[in-house]
Amino acid sequence: MDIFDLSFEEFEKKVDSILDDMSSEELLQELIKNGLTLDTYVKYISYIEEIENVWVHKNRTSTIEKIKSAMINNKKDMVVAA
Amino acid sequence: MEEETIEGYHGTKSENIELICIENFNVNKDSNDKLFLGSGIYFFIELSDALDWNIKKYKEIHHCIPTYEKIIEKYGIIKSIIVVDKEEILDLDKKDILRKFELLISKCNGKLITKEQYKNASNKTAAIINMMYSRGEIKRKVLLKTFFEPIGTKYLQGLKNYPRKMVCVKNNDVIKENIKVNKISKEEYDNIIYFYE
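Listed in order, the protein sequences are those of chains A and B. For the first sequence, counting from 1, position 74 maps to 80 in the numbering used here; every step adds exactly one. For the second sequence, counting from 1, position 84 maps to 71 in the numbering used here; every step adds exactly one.
Because the hints were derived from the structure by calculation, they are not lab data. Careful: at least some of the hints might be erroneous.
Stated by the list, open to error - Using 35 Å as the maximum straight-line C-alpha spacing, the simulated DSBU-like pairs for lysine-lysine come out as follows:
#1 B:K132 / A:K19
#2 B:K44 / A:K20
#3 B:K82 / A:K39
#4 B:K46 / A:K19
#5 B:K82 / A:K19
As the list claims (entries may be wrong) - Now the in silico label distances, taken between C-beta atoms and shown as ranges:
#6 B:I52 / A:D8: 41 to 51 Å
#7 A:F14 / B:N96: 48 to 58 Å
#8 A:M7 / B:K94: 15 to 25 Å
#9 A:M7 / B:K152: 21 to 31 Å
#10 A:F14 / B:I68: 26 to 36 Å
#11 A:S30 / B:T140: 35 to 45 Å
#12 A:D8 / B:N148: 26 to 36 Å
#13 B:V168 / A:K39: 34 to 44 Å
#14 B:K167 / A:E32: 14 to 24 Å
#15 A:M7 / B:K170: 41 to 51 Å
#16 B:Y149 / A:E15: 35 to 45 Å
#17 B:N96 / A:M7: 20 to 30 Å
#18 B:K61 / A:E15: 46 to 56 Å
#19 A:E16 / B:K102: 33 to 43 Å
All C-beta atoms in this analysis are idealised placements derived from N, C-alpha and C, irrespective of residue type, glycine included.
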């Protein structure tokens, strides 16, 4: 049995209790530990992430596009990352 | 308990095939894999989707679409037999599960609304799933989800979102057999390439 076996109401209470037990910083750190990627320019073929609750397929940004984008925005740190 | 048998197809480099067929997949080895349902081994329900995955992988590395001969040489497909209790499956195509899942994601997002780092981060959904597994709040051995990908159709505008049903296995024990797929036809390859824009 796990959290998804609970009724919707119980599920919500359980999620609230988990999140209430930690600060936003602790949650962020735990997500980073579990694979959250702070650098948006990640190298892999494609990934799907939830954007405004819709599953959207996104192709990865190529290195050239990253450099172009960095030059346009005059962001040196992005150039280094690219 | 009622068991379900799922046949899944996994695309990978040719050099990995033999070892996987002998030693099985290693879920823990892929713990850093940043895919949308979190850590685990990913399978497609359709063979052609695994072939498409291989072609995309090749394209990613070589910046060109491989010929049929090249993709057959460099990449292979494993057919795996997954046997799992129905209660151990989390089916994200079901609305009751999806509703709870969305609530979980939205509550995490709400808690982190002030965190600039989170706003710009990627891999959010996978990280939240991984966190819930590491806390023991989700224990299911298999996750199912159908994703929809736009394909390059010229005339079928209303049908351009192509469904891909995926299986994410979180526990090696449910993978009972791995068999190398020996025959992938040129026609199957052509069917995929046709829709590349």
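Structure-based check of all given hints:
no., hint, in the structure
1, B:K132 / A:K19, "holds, 25 Å"
2, B:K44 / A:K20, "violated, 40 Å"
3, B:K82 / A:K39, "holds, 29 Å"
4, B:K46 / A:K19, "violated, 46 Å"
5, B:K82 / A:K19, "holds, 19 Å"
6, B:I52 / A:D8: 41 to 51 Å, "holds, 42 Å"
7, A:F14 / B:N96: 48 to 58 Å, "violated, 18 Å"
8, A:M7 / B:K94: 15 to 25 Å, "holds, 21 Å"
9, A:M7 / B:K152: 21 to 31 Å, "holds, 26 Å"
10, A:F14 / B:I68: 26 to 36 Å, "holds, 34 Å"
11, A:S30 / B:T140: 35 to 45 Å, "holds, 44 Å"
12, A:D8 / B:N148: 26 to 36 Å, "holds, 31 Å"
13, B:V168 / A:K39: 34 to 44 Å, "holds, 37 Å"
14, B:K167 / A:E32: 14 to 24 Å, "violated, 46 Å"
15, A:M7 / B:K170: 41 to 51 Å, "holds, 43 Å"
16, B:Y149 / A:E15: 35 to 45 Å, "holds, 37 Å"
17, B:N96 / A:M7: 20 to 30 Å, "holds, 26 Å"
18, B:K61 / A:E15: 46 to 56 Å, "holds, 51 Å"
19, A:E16 / B:K102: 33 to 43 Å, "violated, 28 Å"
Checked against the numbered hints given earlier, the structure breaks hints 2, 4, 7, 14, 19 and satisfies all the rest.
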